[in-house]
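Same order as they appear, the protein sequences are chains Z and R.
Letter by letter, the first sequence follows residues 1 to 405 in the numbering used here.
Letter by letter, the second sequence follows residues 1 to 413 in the numbering used here.
Treat each hint with caution, since some may be false.
[To be verified] Derived DMTMM-like pairs: lysine to aspartate or glutamate, alpha-carbon spacing no greater than 20 Å straight-line:
1) Lys-106/Z to Asp-346/R
2) Lys-122/Z to Asp-9/Z
3) Lys-82/Z to Glu-381/Z
4) Lys-188/R to Glu-332/Z
5) Lys-229/R to Asp-249/Z
6) Lys-242/R to Glu-229/Z
7) Lys-229/R to Asp-154/R
8) Lys-229/R to Glu-381/Z
9) Lys-106/Z to Glu-116/Z
[What the hints assert, rightly or not] With the C-beta cut set under 7 Å, the calculated list includes, among others, these residues of chain Z facing chain R:
10) Phe-53
11) Ser-59
12) Leu-158
13) Glu-352
[As the list claims (entries may be wrong)] Calculated from the model, a selection of chain R residues having no Cβ within reach of chain Z, i.e. all distances over 12 Å:
14) Glu-50
15) Arg-64
16) Gly-153
17) Arg-261
18) Thr-277
19) Tyr-299
20) Ser-312
21) Arg-313
22) Glu-317
23) Ile-385
24) Gly-386
The set of hints was computed from the structure by calculation and includes no laboratory data.
None of the values given here were measured: they were computed from a predicted structure.
All C-beta atoms in this analysis are idealised placements derived from N, C-alpha and C, irrespective of residue type, glycine included.
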Amino acid sequence: MARELPLADVKILDFMWVLAGPGITRAMADYGATVVRIESPNRIDPTRTVGPFKDDNPSIEHSALNSNNNAGKLTISLDLTKPAARGVVFDLVRWADVVCEAYSPKAMRGWGFDYESLRAIKPGLIMLSTCLMGQTGPLARFAGFGNLAAAMCGFYKLVGWPDRPPSGPFSAYTDYIAPRFGLVALMAALIHRRRTGEGQYIDQAQAESALHFLTAPILDSVGSGTRYEPVENFDPNYAPHGVYPAAGDDRWIAIACRGDDQWRALCSAIGRPELAADVRFADAAARRNCREAIDAEIASWTRARDAIDAERALQAAGIAAHAVQNSTDMSEDPQLRHRKHFLRVPHHTIGETWVENSRYRLSETPAKVVRPGPALGQHNEYVLRDILGYSDDRIAELAAGEALG
Amino acid sequence: MLDGCRVLDLTTERGFLCGQILGDLGADVIKIEPPGGDRARAMAPYFRGEPGADKSVLWWSFNRNKRGITLNLETGEGRELLLRLAAGADFLIESFNPGQLSKYGIGHADLTRVNPALVQVSITPFGQSGPKATYEDSDLIIMAAGGVLILYGDEDRAPIRMSVPQAYLHASVDAAGAALIAYYERLKSNFGQHVDVAAQESVTLAAQSTPLTALVGGSETSRMAGGAKMGAIRIPLVWAAKDGQVSCVMLFGPALGPFTRKLMDYIHAEGGCDDATSERNWIEYGAQLLSGVEPMSAYERITGQVAAFFKSRTKSELFEAARKHNLLIAPVATIGDVLENPQFIDREYWREAEHPELGVALRYPGPFARFGATPIAYRRRPPKIGEHNREIYLDEMAIGEARFADLARRGIV
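Could you build all of it, start to finish, from the sequences and the hints given here?
Right under this line is the structure:
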């Protein structure tokens, strides 16, 4: 017997924007939750202005970043400076099980949307606030994007070359950690409510979630006084361990040797079996001391080869290796195809576009991803009429009063 | 929140964090290690650099709020004990290569037979099936396969990864979220299911949707020291300050242009640029660059002025200005700076955990979120090898002293 999607009974009112917050509710929409996003045309979601853009057209409906991060959601555009719009919000709170928001801490209180006020009209409500540094403390009002939290958490010093200043992780690193923890937090609260009937408020500081990815260096610094500086692709447990040039422009292959067996296999695979017997390279510690010599040997083999051909040859020999994939490689990756990672979906205003699938497979209740993120204002009528049961007159009145932004 | 739930954690370092999260949420997590200990106990770094099974920083980092037992799953008796435990468990998390558990006779079908309500979670490099399911892996390999590594590093050199492994942490938190989605469904259907997490797919989120670029026909994003090249436009993200570095976003368009407006107003007020530079239309600026109305050389002259200004100010001067004027600037911190950050101290974020075996207390990151009604508690430090064998095999499973001694003698526990 087919089972219903896990979150088919969960209704979410979503005030979130940019990356970290909407990533949480995207995952919940995949598994059946009804998510109503509130957007304001006066305060446009920055992800609508960041690529990749479909057909390289930088319009607010062409951002694949936005339509990927908001796939499966409904949207209503409301101008929250208008009292009538705030009335719509209160009705949506009565409808919702979960309210989540990613404004800086002052904003929700200013509109009367703080947890105490909302809980008074909706007992058992779960509310999540997610922001960079948390709802309290001297930096509570410091707002911004995940690059700033990543810098303040210490991630930047971990990416770089020893002879240059650290280059830092790509873009907004904590925005790729926080939504995973935010989902865990909301699911835990939903489970608790289902078991006890009790709702609650959750304060997620994205920096505090992200620091769990630095637990080891924090313990190592506190316990042993270790300093963390850029070390390019060095690894204390693998040798050799690096990224080597392949044939073509900006083409590379990553190789990681776990132990002496993989090292011997690598020597054979690159046609240099005699290296395996070389006493200078006998164990991982010795190989780390001769990195330059070893890397030159490996590169002389990889340089002439196609990255994906080299990957297949090395993997066939039992060596951990992979082409460093760009977006073209990703789109053609047979494993990602096997997992249906990329999905072509119809878009309300721009024809077709592509989104990424859920990042995991549930055997009995797999994700259902059929719609990209909505166009601005796409579901105003649906939300007001079908969800809230407003009459045509009332909807017309809201529109006339410019409450719909 | 998960009080009363039991989790069997069979993972290696690929999945430790998943079980720890469920433990933080109140579940009774039993970490099952092979006799002699998990392989992560033999991985650097160690406490004060001295190798030892109970001195592994990696082990400590992700095994809080778990009890620990040893069990040899390669033996029939080990398998039988595991199935007994599984019959009474709510979750089972594992990170063996695909097919390994089935070979032991404790695969998805075997576990479902003893407990149809069990939520089974598998964390693997590439997933349970498919052409790369048997690929060898590591953190670096997963980042390469997931479209993340190509975005990291300097444009004139090979891509580089973040030196502290991250790939399986992304996968492990995804696994916890997916496990809870499956568990929520179980509360309604009374059936468990199998959750298949592939680290390759998990890390794609860290590429910020750029893996879609070729499919949608966009301009490729590529790496650049301290920033990124988005199509033809070079976007700096890391800037040198007088005494270190800061991160600062300087972008354009209706949402981000206003922040650049404020940044340039501040720099102008401080005498860091001329009138013509500050008075650009930052909302339209990106479109002007792409259409050629504004030449790329003019943009580079402006970013050069911004860079020179940042170089003339300290990190804390720039951060103070950011807080005062709502600018998108933050200092690049060392781990030491993070520990001193007044925000985390004010919020009493850090948790000290006693390690009596070492005679020290260590500082751990605090709860990943603050729950108003059901706050996360750090109830147990990470277990030593087999620390709870007697408690679980004798007190709870009541296998008897004689059998316990026999199993221990034969290396099964």
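| request: List in ascending order the numbers of the hints, as given earlier, that are violated by the structure. | output: Of the numbered hints, 4, 8, 11, 13, 14, 15 and 16 do not hold.
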